[in-house]
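Q: Sequence:
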Amino acid sequence: MKIVSFSLEQGNKYFGNIGGTRFFIGARVPFEGGKGLMNVSGNAAQKFNRADFRETYGFWSDFIHPTAMAEGGLYHTLNTYDRARFTFSFLQYAAHVPNGDFVAYFRALLKLPLAAEYFSDLRLENDRIVRITDEGPIVLESDTSTDGLLDYLNPSLREIEDTEIIQAAKLIHWAQHDPAHRQAQVDVGIRHFRAKMVEYAARYGLDGKPDTVCLAIADIRHQGRAKSITILAALQSPDPLKALLDIGEPKYHERLVVIRREINRLLAEGTLGRKKYSVANQDFVDV
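For the record, in the sequence shown the residue sitting at position 93 is 93 according to the UniProt record's numbering, with numbers rising by one throughout.
Keep in mind the hints are simulated off the structure, nothing from the lab. The reader is advised that the hints may include incorrect statements.
Pairs of lysine-lysine, BS3-like flavour, derived with a Cα cap of 27 Å [stated by the list, open to error]:
id, residue 1, residue 2
1, K242, K275
2, K251, K35
3, K209, K276
4, K35, K47
5, K227, K276
6, K47, K2
7, K2, K13
8, K170, K111
9, K196, K111
10, K13, K35
11, K227, K209
12, K242, K170
13, K47, K13
14, K170, K13
15, K275, K209
16, K251, K227
17, K276, K196
18, K111, K47
19, K196, K47
20, K242, K227
21, K209, K196
22, K227, K275
23, K196, K275
24, K227, K196
Derived CB-CB ranges, DEER-like [unchecked claim]:
id, residue 1, residue 2, range
25, L267, S237, 16 to 26 Å
26, K13, D283, 36 to 46 Å
27, G208, E135, 51 to 61 Å
28, D134, E269, 49 to 59 Å
Computed from a predicted structure; not experimentally measured. Here a beta-carbon is modelled for each residue, glycine too, at the ideal position from N, C-alpha and C.
All chains should be built: construct the whole structure from the sequences, respecting the hints.
A: Dropping the structure here:
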């Protein structure tokens, strides 16, 4: 079982230690009257690299790349200060959504060989995340709520609790030291994006639409920065891609700079601009 120790240093930075390995957990940050942790620091080896997964996932590893870069791209990207209460992974999966990407990701983690080392009190029962206690098993999430899981990971937004630091530390250490953990993040991310594209294609009429337009919509919906009525209006404009990439300005300007930059990079190398979405195939096909 992994034992976590931690310390607060330099005024606002938490550092952890597991098995003699010291690592950065996150910075203490204020937000809307509360406090939480943030970790967006790391090196290239700790960041999603689309080339590593192209053999398995082909174009999909490139398709998620701009969003991954906008989300930080680090496998240990952490945010515990906003309404999601616990957001983690290279695509920032959010724990407050029932059956959402974080829940799917955490379920996948609990199937890995090292799960008991990091979360010895958790199990999967009937594909639900369950905590084993002296009083018996407690189901932490359902089709309608993740409140139990949120309390397990981050008891409140008012203050940074020891529980919050320890759970974050375990996930960060695991992501940094186990390739199977990183693979699980990517598996869940691509599976999620593929399933959502089926939904978006039906909702927004994307059959035969360019990969760039589909990517812009997928990123908007992943972040949640606009509703369908805004997306549909953009699709009716003379330049749908530009209109879609302007959604969220100026509030999300920094993110949109990254999305535009990475789309342009993929266009320049010929990765984007050559495919369209096929409803029949539920996949991208050559133009």
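Q: Each hint should be assessed against the structure and marked as holding or not.
A: Right, here's what the structure says about each hint:
1. K242 <-> K275: holds, 18 Å
2. K251 <-> K35: holds, 22 Å
3. K209 <-> K276: Holds, at about 5 Å.
4. K35 <-> K47: holds, 26 Å
5. K227 <-> K276: holds, 23 Å
6. K47 <-> K2: Since the Cα atoms of K47 and K2 sit roughly 24 Å apart, the hinted pair holds (cutoff 27 Å).
7. K2 <-> K13: holds, 21 Å
8. K170 <-> K111: Holds. K170 to K111 sits at ~16 Å (cutoff 27 Å).
9. K196 <-> K111: Within the cut-off at roughly 24 Å; holds.
10. K13 <-> K35: This hinted pair holds, its Cα atoms lying about 13 Å apart.
11. K227 <-> K209: Roughly 19 Å between the alpha carbons, so the hint for K227 and K209 holds.
12. K242 <-> K170: violated, 41 Å
13. K47 <-> K13: holds, 21 Å
14. K170 <-> K13: holds, 16 Å
15. K275 <-> K209: holds, 9 Å
16. K251 <-> K227: holds, 15 Å
17. K276 <-> K196: Answer holds: K276 to K196 is near 16 Å, not above 27 Å.
18. K111 <-> K47: Satisfied, since the Cα-Cα distance of roughly 23 Å is no more than 27 Å.
19. K196 <-> K47: holds, 24 Å
20. K242 <-> K227: holds, 17 Å
21. K209 <-> K196: holds, 15 Å
22. K227 <-> K275: holds, 25 Å
23. K196 <-> K275: holds, 18 Å
24. K227 <-> K196: The hint holds at about 15 Å.
25. L267 <-> S237: 16 to 26 Å: This hint holds: roughly 19 Å between Cβ atoms.
26. K13 <-> D283: 36 to 46 Å: holds, 44 Å
27. G208 <-> E135: 51 to 61 Å: holds, 56 Å
28. D134 <-> E269: 49 to 59 Å: holds, 57 Å
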